[in-house]
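S.K.: Between the sequences and the hints, there should be enough to build the whole structure, so can you do that?
Protein chains: 2
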Amino acid sequence: MKQYLEINEWSIVEEGFHREHNKISESVFSLGNGRFGQRANFEEDFTGETMQGNYVAGVYYPDKTRVGWWKNGYPEYFAKVLNATNWVGIKVEVEGENFDLEHCEVKEFTRELNMREGYLLRSFVAKLKNGKEIKVIAQRFCSIVNDDLGAIRYSVTPLNFSGSIKFTPYLDGDIKNQDANYDEKFWDEVSKTADAGSAYITLKTRKTGFEVCTGMRFSVSQNGQTINFESKPIAREKFVANEIIVQAQQGEETVLYKYAAIVSSLNHAPADLLAACKKGLDLAERKGYETLLQEQAAAWATKWEESDIVIEGDAAAQQAIRFNIFQLNQTYTGEDERLNIGPKGFTGEKYGGSTYWDTEAYCIPFYLATADQKVAKNLLLYRHKQLDRAIENAGKLGFKDGAALYPMVTMNGEECHNEWEITFEEIHRNGAIAYAIYDYIRYTGDESYLTEAGAEVLAGIARFWAQRVNWSEDRQKYVMLGVTGPNEYENNVNNNWYTNYIASWCLEYAAYALNYVNGQTPDKYAALVSKINFKTTELEKWAHIVENMHYPEDKKLGVYLQQDGYLDKEQILVKDLPAADRPLNQKWSWDRILRSCFIKQADVLQGLFFFEDKFDVETIRRNFDFYEPRTVHESSLSPCVHAILAAKLGDEKRAYEFYLRTSRLDLDDYNNDTEDGCHTTSMAGTWMSVVQGFGGMRVRNGQLHFAPFIPGKWNSFSFKVGFRGALLKVKTHRNGTSIQNQSNKPISLFVYEQEYTVGANSEVEIKKEDLVSSK
Amino acid sequence: MKQYLEINEWSIVEEGFHREHNKISESVFSLGNGRFGQRANFEEDFTGETMQGNYVAGVYYPDKTRVGWWKNGYPEYFAKVLNATNWVGIKVEVEGENFDLEHCEVKEFTRELNMREGYLLRSFVAKLKNGKEIKVIAQRFCSIVNDDLGAIRYSVTPLNFSGSIKFTPYLDGDIKNQDANYDEKFWDEVSKTADAGSAYITLKTRKTGFEVCTGMRFSVSQNGQTINFESKPIAREKFVANEIIVQAQQGEETVLYKYAAIVSSLNHAPADLLAACKKGLDLAERKGYETLLQEQAAAWATKWEESDIVIEGDAAAQQAIRFNIFQLNQTYTGEDERLNIGPKGFTGEKYGGSTYWDTEAYCIPFYLATADQKVAKNLLLYRHKQLDRAIENAGKLGFKDGAALYPMVTMNGEECHNEWEITFEEIHRNGAIAYAIYDYIRYTGDESYLTEAGAEVLAGIARFWAQRVNWSEDRQKYVMLGVTGPNEYENNVNNNWYTNYIASWCLEYAAYALNYVNGQTPDKYAALVSKINFKTTELEKWAHIVENMHYPEDKKLGVYLQQDGYLDKEQILVKDLPAADRPLNQKWSWDRILRSCFIKQADVLQGLFFFEDKFDVETIRRNFDFYEPRTVHESSLSPCVHAILAAKLGDEKRAYEFYLRTSRLDLDDYNNDTEDGCHTTSMAGTWMSVVQGFGGMRVRNGQLHFAPFIPGKWNSFSFKVGFRGALLKVKTHRNGTSIQNQSNKPISLFVYEQEYTVGANSEVEIKKEDLVSSK
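Protein chains in written order, with my numbering: chain A, 1 to 775; chain B, 1001 to 1775.
It should be emphasised that the hints constitute simulated quantities derived from the structure, not laboratory data.
Not one of these hints is a red herring.
Straight-line alpha carbon distances no greater than 25 angstroms define the calculated SDA-like cross-link-like pairs of lysine to any residue that follow:
| id | chain 1 | residue 1 | chain 2 | residue 2 |
| --- | --- | --- | --- | --- |
| 1 | B | Lys1541 | B | Ala1526 |
| 2 | B | Lys1575 | A | Gln467 |
| 3 | B | Lys1400 | A | Ser589 |
Looking from chain A toward chain B, a few residues come up when the C-beta cut is under 10 angstroms (computed):
| id | residue |
| --- | --- |
| 4 | Arg66 |
| 5 | Gly73 |
| 6 | Tyr74 |
| 7 | Lys396 |
| 8 | Asn418 |
| 9 | Ser472 |
| 10 | Val479 |
| 11 | Val483 |
| 12 | Asp564 |
| 13 | Leu584 |
| 14 | Ser589 |
| 15 | Arg592 |
From the three backbone atoms N, C-alpha and C, an ideal C-beta is built for every residue, glycine too.
M.R.: As structure tokens, this is what we get:
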């Protein structure tokens, strides 16, 4: 855990240059616009701690699998989000010395991620080895208005001299992935041009053949006036640049404006890429930097208007939730159904592929409440389109007759992970994909989705579970052997409670879905039955499994057991672990972690969270009280679920603690891994921890329920949710809760199980004394 | 399974060229002399299916570990036996065409591994693409008399032409390992010379700095007369050769004799290597090929005299056991305490390092009975020397206070395997290392070994187990979680019966050993206690564990359970598996194997075999009858244990079936993997299956016991064992058993629990009617 960043409600601020944490800062200060994004690498050369990262959404490379010992069933390739052309680079030479902060004395350093307006700003005074002092202010953004554009304002002011400054703005496509299995480079050059004042480079990914064209133009101003300059084009393998030498006067600012356009063959025919790129740059030049920046601020203002969560009285909490929302909005806009939400967004390479179960389990609730219904639906359809691949994937593992196993990691539906304990065994992911369908329908009421696509997906998933369990003669129950649950600190366990539970639930829900389709649209049901060769006996088999599934539990303790034999472990609590031992995944050998009782991520609790209405509060409390003290939260996906359950249980201390942990995970580098990138998908979990946790929001029988619960430190908190045409702003303060309906659609809802109707564009104020806690 | 090789009691014979199986043949026809060895690659160029392989004992390379996802505790390097300079190569050009069997019509092809005399012979007629027909006879051997020498007699007879033949004998050090994690080459050139008639090349391994000098000389004869020839030296990077052009007459034989010497810095100072190499070649030239070959035959005759097993009436069985004994003798001579027995000997690269638990569990009994006592002792001392590394290794996994975990795979004591489920969890290896000490002392009576080294090793091992178990509050027993047993088709299981049992046994035996040392030599005990900081409370802790260990069992079935929950698996028998599904490890995905009930290798049965005297016969029978039908024997180490137990239980059918399976594993390619190399260490298990299986040999209370059991197909079988100064030839025929004492030391022993005394150089004949079966 590191707390070197300043607390500020609207910005992330680094005061003073924390060289040793620069890779963390590069992750945290990342920018993106859904289409492309980047780590907060410096524009100028930097030889200190850094990990270069520029990424283009949907552009991936299937890197040949690397393992120590091949196991049958492994995928041939691991699809990776690719490090792409670096468009931010500006080499700066001051009186002949290459400017590199690693070799400078640095003063007055400030780095700011301005979340309100959506830009990154860096300013500092640097003294070079040749004694020259310069003040630098570098500002840039990835436009969310014109999502193929980025812009940089890079200013240098000589402080103790007048002399020459050479700027070399460049586009560098000669990059490699840090995460490359065989140290190969993944891009080939297609074409490039470098002229005075502009340059373009088009690269193509090997194997997948994605083409990305990146272009740049620039201008220079001094004393606020655009100046003419000599510009010497440079081109070499996968690299284009321009050299500009200007004379700068002591105390006077020289500004380089650099515009970049990034367009890919996902959105343009390859032959049109250059033209599209130039068109983008024409627009950028026409508008100019300041206008682009103003438009950016305005667009972000709208985003905040839609999705902000306001917490009064607790700046750290406020900053954190905004950081989470900001990063989510930077990563995925929901406009392109081919895209999904990578676990690190545009902030790092780790974890490769873009799609994990995180999307279904954590992100969909966020988009359901804060975006148009089609965003969540696009995410569901993404999986429906990949159903054939999921069936293929299951086939590779020996399943048949239409059984579908969705991949653990994917870009295109093919499995591309290669640890057997995860690839083959972390099959609960299939359950989350089914759950997301349920969640979507529960929230939107759009039950027709079952007919459109949902029932087919559910049938494939149910078939998988029906084949994956086996009948234990010994127990006279169905068991599920050799799985890894959400808690990845157990591998190859038997009867993971969560997996058994969600599998059984899937079988029930799939049966419901098929019956629903049959009841509503018998012709479509007949078509589906014929398409997937469905047999009624399958429903009987599913029902038999549902009735006879084994669920490990300990009756004495009154808790469900994470898996068979969990109580054989030495029961130590996290609080008794030496601080030096954590995070366990960096300090302990793997076998030690596996045989310990320590939990990476809520597992039984994840199940209780998903299926909360099926358990009484005391059962949830007993399980929470048992598992929480054993959980180390070394998965980013863990604390949010704990925060929500703690809030439900009225455990303010823990709810607040877990809220801080989930929301400030990256800001405070809780797990000592933010340098690899931010934990983007878990940020949606942070949003849930406020809305479902402190707000107590649930959907039951097609209606919203709230049970607000305000931490002692907060004066108020408010969030917005859209629900079936209504748009609600829910604000809880110390004296009660107000619900403002900002739409034209009246809505009736429940607060602490009492029904209220909130008229169109009206507000209901519920005083604290009127609130009846159900707890 | 493939049966393309001929049955012959003294030779392995391939009639007709089986191109498609050439890599299998290269493994099976391998040669070695304990110091170096090689696959049966052709001398001339061959572009068909081949895997080049020349290996020098003790010369290894620590290849940087490759894994898909790094886990804490993994070793940095995987030490590999290295493919070394190819010294057999002779390029042959016939009237200008490069001779390559892949592009020839081949007739009258015979390949023979003559085990009686220790050479490899190949003869055939080949028609080249240019129409020239030649008869080739190639013979070679690795001298066991001068163990730095190899020799080749390569003869070519033109059948349908007279013309030029160009021979290019060469030494090629520009080879790479097939098993290289990052496609690196592992050798650097140190020096080379090529003169007319001779050439030398010295290479050095990267990182480890082993130097190996290889030299060659050669002569040519026609019509039995040595001829003069022009010889053109060739040298290029890591390659030296000579070109020789001779004119050959139709029907007349031209013979190239090539002598090679292979010397390494393990046995010579680097500066002396070239001189040592030349000295070897001087000797070879002085003796000449025929003398070397005669000496080889004589030396092998002696080896056979010492270690042959004769089976009359069953040529396949006879051939097979000789093949196993032959390969064992080729691999390890026991003379060099720095060496150990690689699982593939000199026949392939797979499995890397040289030392596995195979040595202790399978090989030591063979050497105890067939070699000088010092051979087995050297193998024990090898581990004692590596105790510090074993303590280090345990330390990396979080163990402390002198706990020792021996590596799964090693060259120098460091762990170098990198699958977590094996590296970290297949810890039963520690038990086998303790068991070997017990086995050695039981056989030799040399209890002083405990004081010399054994007790210290046992204490380290016991400390590991004492820390590795944990107290289960739930069971009120000690449990051992997260292990992989000998059956590697289960990973990360809890309470593997075998591991729990041997762990507990180790604790008892270590306590015994320490008490023994204390009783015999209190001063040495005090020194040991001080050296390892031993505390008496440790003995108490060990005793508590021994008394309270959990052993999974099913009382209803009356069997021990391989691990907790084994009976939850779907219980299918191997006989009901479709043939197309086998071997499972090539046909099923890994997860499917893991959750099936199928067993790779005896696991409970391995324990019953080791500790047979602690169980009654009916218990062994029930477990055998339960587990045998579930075992697929996809580990080479499996069938021998089954053969021994089946023989003990009087189950002739299965004893014979498993004997064939273990003994003909490579000859018949049972597991479809002989192309990677032979299963050398399991060959000692084959020896056990005859001596301990059919011979029923056991040691109890310092005396030999026999319980011979002859399969119906055999007329007789006989084997030799040395025991505490006596040398016995035990021959069982249909009418009884004779025991000949070929030593000057009288011995009393038991046959079917009846005591006999066999005088010095005497024989006892026990008629069948006098045999009382204890079964």
